[in-house]
Structure formats: C-alpha cells, structure tokens
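Chains as they are written, first to last, in my numbering: chain A, 2 to 447; chain B, 2 to 67.
Keep in mind that the hints were calculated from the coordinates and are not lab data. Hints may contain errors.
Covered stretches of chain B, going by a simulated chain A footprint (3 or more residues, C-beta under 8 Å) [what the hints assert, rightly or not]:
id : region
1  : 14 to 24
2  : 33 to 42
Distance windows between CB atoms, simulated [what the hints assert, rightly or not]:
id : chain 1 : residue 1 : chain 2 : residue 2 : range
3  : A       : T407      : B       : E27       : 38 to 48 Å
4  : B       : A61       : A       : S50       : 50 to 60 Å
5  : B       : R15       : A       : R306      : 11 to 21 Å
6  : A       : E98       : B       : L23       : 23 to 33 Å
7  : A       : L148      : B       : E41       : 29 to 39 Å
8  : A       : A253      : B       : L23       : 17 to 27 Å
Below are the EDC-like pairs computed for lysine to aspartate or glutamate, each with C-alpha atoms no more than 20 Å apart in a straight line [claimed, not checked]:
id : chain 1 : residue 1 : chain 2 : residue 2
9  : A       : K21       : A       : D67
10 : B       : K49       : A       : D32
11 : B       : K49       : A       : D375
12 : B       : K49       : A       : E278
13 : A       : K443      : A       : D32
No residue lacks a Cβ here, since even glycine has one placed at the ideal position from N, Cα and C.
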Amino acid sequence: MIHSASILDIANAVRSGTVKSVDLTNATLEDISARNSDTNSFTRVLAESAIEAALEVDRKVANGIDPGPLAGVPFAAKDLYDIAGLPTTAGAKMRIEAVPAKRDAVVVARLKAAGGVLVGTLNMDEYAYGFATVNPHFGTTRNPHDLDRLAGGSSGGSAAAVAARLVPLSLGSDTNGSIRVPAALCGIWGIRPADGAISVKGTFPFVEILDTVGPFVRSAGELELVYELLSGAKLAMSTIAPRIARLDGWYARNGSPEVLRAFDTVMAHLGVDNVAELPESETARSASYLITAAQGGALHLDTMRSRAMEYDPAVRDRLLAGAMLPTALYLKAMQFRSFFRERVKTLLDQYDILIAPTTPVVAPRIDQATMLVDGIPAPARANLGLYTQPLSLAGIPVASAPFHVTSGLPIGLQFATAPGREAMLFKLLRELERDGVLRTTKPPVQ
Amino acid sequence: MTPPKLEDSKPIDRYRLDVSTLLGLELPTECVPGIEASAELLRHHARKVEAFVFALNANAHEADET
Numbered sequence: 002m003i004h005s006a007s008i009l010d011i012a013n014a015v016r017s018g019t020v021k022s023v024d025l026t027n028a029t030l031e032d033i034s035a036r037n038s039d040t041n042s043f044t045r046v047l048a049e050s051a052i053e054a055a056l057e058v059d060r061k062v063a064n065g066i067d068p069g070p071l072a073g074v075p076f077a078a079k080d081l082y083d084i085a086g087l088p089t090t091a092g093a094k095m096r097i098e099a100v101p102a103k104r105d106a107v108v109v110a111r112l113k114a115a116g117g118v119l120v121g122t123l124n125m126d127e128y129a130y131g132f133a134t135v136n137p138h139f140g141t142t143r144n145p146h147d148l149d150r151l152a153g154g155s156s157g158g159s160a161a162a163v164a165a166r167l168v169p170l171s172l173g174s175d176t177n178g179s180i181r182v183p184a185a186l187c188g189i190w191g192i193r194p195a196d197g198a199i200s201v202k203g204t205f206p207f208v209e210i211l212d213t214v215g216p217f218v219r220s221a222g223e224l225e226l227v228y229e230l231l232s233g234a235k236l237a238m239s240t241i242a243p244r245i246a247r248l249d250g251w252y253a254r255n256g257s258p259e260v261l262r263a264f265d266t267v268m269a270h271l272g273v274d275n276v277a278e279l280p281e282s283e284t285a286r287s288a289s290y291l292i293t294a295a296q297g298g299a300l301h302l303d304t305m306r307s308r309a310m311e312y313d314p315a316v317r318d319r320l321l322a323g324a325m326l327p328t329a330l331y332l333k334a335m336q337f338r339s340f341f342r343e344r345v346k347t348l349l350d351q352y353d354i355l356i357a358p359t360t361p362v363v364a365p366r367i368d369q370a371t372m373l374v375d376g377i378p379a380p381a382r383a384n385l386g387l388y389t390q391p392l393s394l395a396g397i398p399v400a401s402a403p404f405h406v407t408s409g410l411p412i413g414l415q416f417a418t419a420p421g422r423e424a425m426l427f428k429l430l431r432e433l434e435r436d437g438v439l440r441t442t443k444p445p446v447q
Numbered sequence: 002m003t004p005p006k007l008e009d010s011k012p013i014d015r016y017r018l019d020v021s022t023l024l025g026l027e028l029p030t031e032c033v034p035g036i037e038a039s040a041e042l043l044r045h046h047a048r049k050v051e052a053f054v055f056a057l058n059a060n061a062h063e064a065d066e067t
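Chain B with its partners taken away, still in its complex shape (with noise of 0.2 Å):
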C-alpha cells in the first residue's frame, strides 16, 4: 500500500467558497492568498504527519495479523 496523498494545491476560489462556508461571509479578495499560504504550509505538515501514521497503522496492523 502507497500512502495516501493530499492534493498538492487547491485552487484560491475554492478557498473563497471554503471560507464563505464557514464563516457565513464573504472576505475581501486581498485576504485570500494569505489563508492559502497558511494551508499551504499546513499541508506541507499534513503529509510528514499523514504518511508517518499510516505506516505506523499499517505495522501495527500487520503485528495484530502475525
């Protein structure tokens, strides 16, 4: 099994309409790119931990099964 993969970018007008939803308004434009640079550095942090639970699952459930 590959680990799985978070997108490698999202584009700002989903993040737009991410936003939107959550915060039940809308940002002004110039706000955008910021909160993507955050989620992008997110996601860099994402996959390090993503990909280190998944093996650390995946040996312990071969453990389990041996």
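Same shape as in the complex, but just chain A (with noise of 0.2 Å):
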C-alpha cells in the first residue's frame, strides 16, 4: 500500500480503521531506511515522533474522532521547515547545532492538524541557493528516474522522496523554481503559490520578496486538496471554460527537442492555437537573478562576517558576490519587476492560463557541466531555471506537471494563472490527468 496508495486511499482507510496507522507508519519508516540510500532524499528520519502522532491518529479513530482529510498520511519536509525541538538547518553544515525551533512552521503545523504524519526532514541545495540538490554536507540527492542524473534543486530532496515512493506527500519551497525545476525532472507535480497564498511563517528565508512554500504529490487531484489545506482556502467549482494560451519566444527558445515535443502535444491536445508573448521574460529572469543574489547576499552577510569559510563554497562565492552588488543596480532590478508584474497582469487579462516548458531539457547528469544556451556552452545547473526563474517575479501561481513520458526521463510543464483562478487551473490539470496528457510515471528504483 505505502508505494502505490493516494493521498486519499492511505486517508480513507486509516480513517474507516481498515488500515493502523501505526503499521503504516512503521512500513513507512522500515521502507525508508531500506531504500533512501538510493537517492539520498532523507536527511533525518524522525520515528520516534512519527510512531507518536500515529498512535494518536489511531486514537482518534478508535475513540470516533475524525483525524481530519489527511489521517496517517505520511509527509517530509525540506530541511528549512521549523520542526519543534529540532534545529532547522537549511541545508547548512554551520546550522547543524542552531538553537532548535520553538514551534512548527504555520504549514508543518496545519498537515499534522489534518492527521498528516511527519516523518522526516529532505535534502536541499545550501540555503536553497540552487537547482541541483549537491550539498557538500549532506551529500547529492540522485533522481529515482536515474540515479546517475540530478534530481533538480533546491527542493531535491522533497521530489526524489514522493518519486521514489518514499512518502506521497513532502513540503518544498519555490524563490526562483525550486520546487517546479525538481518536480518536473523527478516526473511528479507541485506548485509554486500565489505570493502571500500560502505561510511561509516558520521557514527560513532566502529571499523575502520571491520565497514561496508548496507541495510535491503524485496526481492533479492531490495536488489540489494538499494546496486547500495549506492555503486554508476552499476553492468553488469552476465552470468557466479557460481562455489557454502558449507561452512562445523565450519559453520556445533554448529548449530540447524531446522537451518542446511534449509542449506540442499538451497544447494539440488542447485544441489550443493561441500564442502568447511575455516580453521581456530573459530580462526578467535577469532582474531575478539581481534581486536574488542582493537579498540573499545581505541576509547571509553578518554570518559571512565571522563563519565564511563554513559555507558551501560555491553559494559563499554567490552571497558574496551579491552582497557588494551595488545598491542602484538592486533597486533598477526592483524597478523592472514593477513594470514585468504589470505586463503580466495585462496578459491574463487576455487569458486564463498560460502553458510553458518547466525546464529545457530532461534531468542533466550530475556530472554534466554544461548546455547549450543560445548556442554557446552554459552551466547546466544555473540554467535550469531559465523558464522559471521569470515567473517567478510575477508572484503568480505556477504549477508543475508531468507530461505523460511512456519512455525516457520526466517533462514537466509550467501552468500558470492568475491569483484567485487557481479553482480553473486545478480543474484543468485534473482533465488533463484524466485524458492520459499528464500522469506521474513509476521509477525503476523501488
């Protein structure tokens, strides 16, 4: 039951009794310390908690109390979540010691109030401040669709757990795509919310201004009920028909071929001819970069002070290389958000959801150095994030899903909207899941 049962199969039963949630617990735990090995998602299992909140869940059930819609479900969260009494790391070797966290984070806090069970803590790119999930501390997190290849970043560790079956629901955070760049390489489905939509109280921050908070599952349907717990929002029914377009020139440059095929067929499936131009997106991703790098620089900058040599080189070299960004240049990448949240907005204005590739290419090898970028050799890691790191600066919701590969490596498409349309975004994923275009494929490792 625990590789093949939903989200709400697994609720269902602990909720009727049929199914303990304490076995489901153990067989939980007992699978992950058999097989994280494999991709290195778990950077600590918590069973003595885990056995606790499950026995109280059966509880529950015994005594004629709803656990809630998530009844024994087993979750993890990335490593930047507060867990209360536990250090929250981010992924840091320095932080391994940190004072432990007074309370869990607002939506650690809200999965256990609906009967979730954590189960552990997941791997992550140092501070989030990467794609890839190559942490010299804890190691690189391998993608359960080929172990040899990355899983993505930095959410890496939260999309090879629910990929490999080790968990069917994990908590991630998204600043420039981390968790849509890991979904779509570990072939699953999550979100990047609204900005404000869902609490990211309690987490550790990277960049105020563009953090977000999600989930990873492994259908369109959970997808949307973890999201209503989270968010606290119940969505109506939509009945209105999308007004759907393509996103074309940036998000059709660069891309591989395997990648825009899939584009290609989601889009005939659909029926949909419109195309529509986001200008300015590669400038975009460039005011994300600035942006980023500058925040990120100046939240790290007293710990640099005293502790530099700590940090994972590579992401000490892009804090610090942020932090002496000059300031004008910070406020003209401020400046052009301003201007790209509004052309955003005008085009959807014109439309309900766009469609765009996730990333340009499959999961890269984790030895692989480079892609092409317009032709010219481009590290693969930082580029991973081309298609998402523009949406990102919209603040708007983007879905990741996977096209249905019936072989080769994961294809993730962005679906974005606008805030407050999610119902019709949701709606639309699900009939596609249901028309065979998007589905979550098994990996070999299990």
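Relying on the hints, combine the two individually framed chains into one complex.
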C-alpha cells in the first residue's frame, strides 16, 4: 500500500479503521531505512515522534473522532521548515547545532492538524541557493528515474522522496523555481503559490520578496487537496472554460526537442492555437538573479563576517558577489519587477492559463557541467531555471505537471494563472490527467 | 543618450579588497576566483537590466515632456 496508494486512499483506509496509522508509519519508516540510500532524499528520520503521532491518529479513530483529511498520511518536509524541538538546518552544516525551533512552521502544523504524520526532513541545496541539490555537507540527492542524474533543486530531496514513493506528500519551497524544477525532473506534481497565498512563517528565509512554499504529490487531485489545506482556502468549483495560451518567445528558445515535442502534444490535445508573448522574460530572469543575489547576500552578510569558510563554497561565492552588488542595480531590478508584474497582469486579463515548459532539458547527469543556451555552452545547473525564474518575478501561481512519458526521462510543463483563478487551474490539470496527457510515471528505483 | 556601461572586468585584487572591506577579514586567495566568477555572472545580468531600465526611464521622461 505504501508505494501505490494515493493520499485519499490512505486517509480513507485509516479513517475507516481498515489500516492502523501506526502500522503504516512503521512500514514507511522501514521503507525509508531500506531505500533512502538510493536517492539520498532524507536528512533526518523522525521515527519516535512519527510513531507517537500515528498512535494519536489511531486513538482518535478508536474514539470516533475524525483525525482529518490526511489521517495517517506520512509526509516529510524540506530541511528549512521549523519543526518544534529540532534545529532548522536549511541545508547548512553550520546550523546542525542551531537553537531548536520552538514551534512548527505554519504549514507543517496545518498538515499535522489534518492528521498527517511527519516522518522526516529532506535534503536541499545549502540555504536553498541552487537548482541541483548537490550539498557538500549532506550529499547529492539523485533522481529516482536515473540515479546518475540530478533530482533538481533546491527542493531535490522533497521531489525525489515523493517520486521514489518513500512518502506520498512532501513540502518544498520555491524562490526561483525550487519546487517546479525538481518536480519536472522527477516527474511529479508541484505548485508555487501566488505571493502570500500560503504562509511562509517558520521557514528559513532566502529572498523575502520571492520566497514561497508548496507541496509535491503524485496526482492533480492530490495537488488541489493539499493546496487547499496549506492555504486554508476552499476553492469554488470552476465552471468557466478557461482561455488558454502557450507562452512563446523566451519559452520556446533553448528547449530540447523532446521537451518541445511534449509541449506541442499538450497544446494539440487542448486544441489551443493561441500564442502569447510575455515580452522581456529574459530581462525578468536577469532581474530575478540580481534581486536574489542582493537580498540573499544581505541576509547572510553578518554570518559570513564570522563564518565565511563554513559555507558551501559555491553558495558563499554567490552570496558574497550579491552582497557587493551596488544598491543602484538592486533598485533598478526592483523597478523592472514592478514593470514586469504589470505586463503579466495585462496578459492574464486576456488569458486565464498560460502554458510553458518547466525546464529546457530533462534531468542532466550529475557530472554534466554545461548545456547549450543560445548555442553557447553554459552552466547546466544554473540554467535549469531558465523558464521558471521569470514567472517567479510575476508572483503568480504556477504548477509544474508531469507530461505522460512512456519512455525516457520525465518532462514537466508549467501552468500559470492569475491569483484567484487557482480553481480553474486545478480543474484543467485534473482533466489533462484524466485524458492521460499528464501523468506521474513510476521510476525504476523502487 | 547611450546606456551607461558597467565595467567589463574587474581585477581580482579589487575584489579581494572589496571582500576584505565588506567582511572585515581576508579570505584565502583560493576563494577569490569563485567570487569573481559569480560577480561576472551578476554583471552579465546587470547589463540587461540596466539597459532596459535606462530605456524605460528615458521613454517615460520623453512622454512627460510631450
């Protein structure tokens, strides 16, 4: 059951008393113990507290109390979520002995209140600054579809754990694409919510104005269910036919043939020939780079003054370069951000849903240094965010959904909408999943 | 008017000075090339943003005058 059951199946089985939460939790913990070394998804397994939580769920069922819509569902969280009693490492060795968190992050508390059982914390790039989950302290997270390839980042542990079927649900964070990129490379579902739609309280910050948090799951229905639980919003049933367009220009450049074929297949299935241009997406990506480096650098400056040599060297380089960025450049990037957000808003007055690839390529090999960008070799890891970074700047909800591949590595597509139209987005995703166009595929590693 | 240009390159020694001033400590020499590479990437992105914002502001200014 733990490898194939959906969140709904598990919750129904536990709520009805057919399955004991404690049995399911024990099986999950044993499975993690046996298989985590394949992908290196987990950084800490919280066996004791998970068993306690599962027993509490079983007590409620025995006493006729509904434990909630996630009754007994095992979940895990990226290592930047506060968990009461534990240090929040944010993937940094220097934080392994940090002062333990006093309380759970808001969304961790929400999942627990819904009956979810937290079983562990998940690997990430140090301080969420990366698209690879290559962490010098906690190791590299490998892609369950091919262990020689990257899982993506920075929420790579969160994506790999769900794709490898170690847990059916995990939490990640997305500043420049850190949910969407690993969701795409691992062939599962994830969503970056609209700015402010889901509370980031109790998570280790990176870039205050770009940070969001969200879930990873294995189906469209689960994505909607968990989104509602995390946001606290009950989405109304959408009955309006969405106006859909494919994003062209920047989002059609640099894509590999297999990614562009998948994109075309989805658009053909929808019968959509609307093509939308989102001008200045390339500049939007550049602005995201500058804002990220400047805010990240400022956040870490005091710590770098005393502990610079304890950072992941690659992260330290980026943070130091960002800390030295002239203020005028940061302010110009912020001025561009205001301009770009208005342009996106105008486009979303015309269309309800915009579709684009999530990453330009399938998961790169771990040892792959470069990929071609505009015909020129460029760092592979940094360019995984080519299509996600501009949309981050817009502050709109964007889901990454897995194209149904019958062979080869996973491919993800972004579905973006305006804040407040999430119900329409989820309805379209469910329909495309029902039609077999979008679907999670089982990895060979199980 | 032509957009202002950022420096195309910055000597490594200058970065060592900047880091030293900013952090109040000297980093080992082997750290400098990595910082320089990251700074070069930021300069690449800064050039794009600078050029666009310059044009944006110039257009807004011209619109104000007409």
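Assess, step by step, whether the Cα of K49/B is no farther than 20 Å from the Cα of E278/A, and give holds or violated. holds, 19 Å
Given pair status - D32/A, K49/B, alpha carbons within 20 Å: violated, 49 Å
Distance restraint evaluation - L148/A, E41/B, Cβ atoms, bounds 29 to 39 Å: Once the Cβ atoms are compared, 33 Å apart, the range 29 to 39 Å for E41/B and L148/A holds.
Is K443/A within 20 Å of D32/A, Cα to Cα? Within the cut-off at roughly 16 Å; holds.
Sort out whether D375/A lies within 20 Å of K49/B, counting only the CA atoms. Within the cut-off at roughly 16 Å; holds.
Satisfaction of the hinted span 11 to 21 Å by the C-beta atoms belonging to R15/B and R306/A: holds, 20 Å
Given pair status - D67/A, K21/A, alpha carbons within 20 Å: Judged against 20 Å, a Cα distance of about 14 Å means the pair holds.
Tell me if the beta carbons of A61/B and S50/A are separated by a distance inside 50 to 60 Å. holds, 56 Å
When I compare C-beta atoms, does the region 14 to 24 of chain B have three or more residues closer than 8 Å to chain A? holds (count 5)
Against chain A, does the region 33 to 42 of chain B show at least 3 residues with beta-carbon separation below 8 Å? holds (count 6)
Does the Cβ pair A253/A, L23/B satisfy 17 to 27 Å? About 41 Å separates the Cβ atoms of A253/A and L23/B, which means 17 to 27 Å is violated.
Between the beta carbons of E98/A and L23/B, is the distance compatible with 23 to 33 Å? At roughly 27 Å between Cβ atoms, L23/B and E98/A fall inside 23 to 33 Å, so the hint holds.
Violation of the numbered hints given earlier is confined to hints 3, 8, 10; the remaining hints are satisfied by the structure.
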